[in-house]
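Full structure from sequences and hints, please.
Chains as they are written, first to last, in the numbering used here: chain A, 1 to 350; chain B, 1 to 117.
Please keep in mind that the hints were generated in silico from the structure rather than gathered at the bench.
Among the clues, some could well be false.
Stated by the list, open to error - Within a straight-line C-alpha distance of at most 25 Å, the following computed DSS-like cross-link-like pairs (lysine-lysine) qualify:
{"hint": "1", "chain 1": "B", "residue 1": "K50", "chain 2": "B", "residue 2": "K37"}
{"hint": "2", "chain 1": "A", "residue 1": "K89", "chain 2": "B", "residue 2": "K37"}
{"hint": "3", "chain 1": "A", "residue 1": "K163", "chain 2": "B", "residue 2": "K111"}
{"hint": "4", "chain 1": "A", "residue 1": "K93", "chain 2": "A", "residue 2": "K163"}
{"hint": "5", "chain 1": "B", "residue 1": "K37", "chain 2": "A", "residue 2": "K93"}
{"hint": "6", "chain 1": "A", "residue 1": "K89", "chain 2": "A", "residue 2": "K60"}
{"hint": "7", "chain 1": "A", "residue 1": "K60", "chain 2": "B", "residue 2": "K37"}
{"hint": "8", "chain 1": "B", "residue 1": "K111", "chain 2": "A", "residue 2": "K327"}
What the hints assert, rightly or not - Computed footprint of chain A on chain B; a stretch qualifies when at least three of its residues, placed anywhere within it, have a C-beta under 8 Å from a C-beta of chain A:
{"hint": "9", "region": "6 to 17"}
{"hint": "10", "region": "20 to 33"}
{"hint": "11", "region": "39 to 47"}
{"hint": "12", "region": "71 to 80"}
{"hint": "13", "region": "108 to 116"}
To be verified - Some chain B residues near chain A, calculated using beta-carbon distances under 8 Å:
{"hint": "14", "residue": "E3"}
{"hint": "15", "residue": "T51"}
{"hint": "16", "residue": "R56"}
{"hint": "17", "residue": "Y59"}
{"hint": "18", "residue": "Y62"}
{"hint": "19", "residue": "A63"}
{"hint": "20", "residue": "F66"}
{"hint": "21", "residue": "L88"}
{"hint": "22", "residue": "A102"}
{"hint": "23", "residue": "L105"}
Note that CB positions come from ideal geometry on N, CA and C, so glycine has one too.
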Amino acid sequence: MNAMLENGVVATVAGVLREYLMLLFGNQFLTDLIMKFIGIGAVIGVILSAAIVFTYAERKVCAFIQVRLGPNRVGGRFGLLQPFADMLKLMSKEDIIPAGCDRVVWALSPMLLFVPSALAYAFFPFDKGAVFADVNVGVFLLIAISSQAVLPFLMGGYASNSKYAMIGGMRTVAQMLSYEAPMVFSLLGIVMLTGSLKMSDIVAVQADNVWFVLLQPVAFVIFVITATAETNRTPFDLVEGESEIVAGAFAEYSGMRWALFFLAEYANLLAVSILTTTFFLGGWSGPVLPGVVWFWLKALFMVFFFMWLRWTLPRTRIDQMLSLSWKVLLPLALANVMCTGIGVYIYRWL
Amino acid sequence: MSEFGGLGIFFVVALIFPVMSLIPAFLLQPRQPSPQKRIPYECGVDTQGKTYVQYRAGYFLYALIFIVFDIETVFLYPWAVRFGALGLFALAEMFVFLAILALGLAYAWRKGALSWK
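The structure is reproduced here in structure tokens:
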């Protein structure tokens, strides 16, 4: 039991599984391959269950904030089966292809959107030693992959042959590009303090010292704001504002294709919560409880925080949103990098 | 198997997964096509005019500034990783680099590229 806490629960289970597979097949390559597929299955399982839990949780949180009851009919008093009812409904909906759309680009958009949202999960340290791909360029590759989400949105908006979708697609480009610059800069300070781009190293440094939210408070605030914008959630949901451009880029999608957009959206919500946890809140580190438990406690708290923001704040205007990014957050992030550099040298000098 | 090999497999699976999830919907869904259904949504009335209008130039300006800053991060990340080992000279040099960039941002700001018109 002690050894399990020492090495992390997930890593221990994976180690035992690997030994069994090795006995079964006696082939290193085959064992590795099967372990990779088990890892992929686990990650996709996390994404799917997140989508199921969050559709329910979002409605309940929203209802709680607006002093309503929320779902309370399907599956008992608390409406626990609501997400499954939604899933069945989406599956049995007719697939309507809008007239005059660009068929290939239109169909590709929701499928391609899933790829960057899912691939980002390969870099997350869910527990000590439990990273799908702990590459030495982790942070950099993660940013590169997750920023590809702009393209499918633009494709969907452009190909739908609908004016609302077109406006939504254009806004996505402006918003996601504008907020990516400060986001990337806010993480520089952490890389400077860690001296590594490996996600596991970043958590390990925080486990040994203090959480980076204490050393980089400005970066934390910038990151949370930009993360809200990158996931297109209120107060920055101009991209899909239901009440002004009827869901924007995915206005013309129905049934399962629309569900794929939704899946990617909730995958992104969990992804930014996990990123905040990993970069600023010490990831899996914490006393007494095993690492996995700490990790999910922190990540789910961040998810709740983003939901809380969504149902509390009103939507911003596009000029306010863009000037916040370029005129406030970006100079602040640049100053943060410089101050971190000077701060590290002052700390050493003392 | 290397970490990047695993990522490659993951990429292929992530491409296949959405296609697989569309299959049960294709089998279950009703099919009652009608021309009215396929009209793009526009507040319930027939669409007016062309959809593919000229792209707003304001978006293009933001994209241009973004590219400058995005390329800069490619230089900054390796510097940040080796920051501790490089010494005071690298710190001073990066400050010059950042100062030039801040100057560029100030120029764009002054020229009005950052304000929404």
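Evaluation of the provided hints:
1. K50/B - K37/B: Distance of about 19 Å is within 25 Å: holds.
2. K89/A - K37/B: holds (19 Å)
3. K163/A - K111/B: violated (31 Å)
4. K93/A - K163/A: holds (24 Å)
5. K37/B - K93/A: Holds, at about 13 Å.
6. K89/A - K60/A: Holds, because 20 Å separates the two Cα atoms, which is no more than 25 Å.
7. K60/A - K37/B: Violated, because 33 Å separates the two Cα atoms, which is more than 25 Å.
8. K111/B - K327/A: Roughly 13 Å separates the two Cα atoms, so the pair holds.
9. 6 to 17: As far as the region 6 to 17 of chain B goes, the hint holds, because 9 residues have Cβ atoms under 8 Å from chain A.
10. 20 to 33: Answer holds; 10 residues pass the 8 Å Cβ test.
11. 39 to 47: holds (count 5)
12. 71 to 80: holds (count 4)
13. 108 to 116: Contact hint for the region 108 to 116 of chain B vs chain A: holds, 4 residues under 8 Å.
14. E3: OK, holds: E3/B within 8 Å of chain A, min 4 Å.
15. T51: For T51/B, the interface hint holds, since the closest Cβ of chain A sits about 5 Å away, which is under 8 Å.
16. R56: holds (7 Å)
17. Y59: Constraint on Y59/B satisfied, holds at 5 Å.
18. Y62: At about 5 Å, which falls below the 8 Å cut-off, the nearest Cβ of chain A leaves the hint on Y62/B intact, so it holds.
19. A63: holds (6 Å)
20. F66: holds (4 Å)
21. L88: Holds, because the Cβ-Cβ distance from L88/B to chain A comes to roughly 7 Å (cut-off 8 Å).
22. A102: holds (6 Å)
23. L105: Since chain A brings a Cβ to about 7 Å from L105/B, closer than 8 Å, the hint holds.
The structure fails hints 3 and 7 (numbered hints given earlier, in ascending order).
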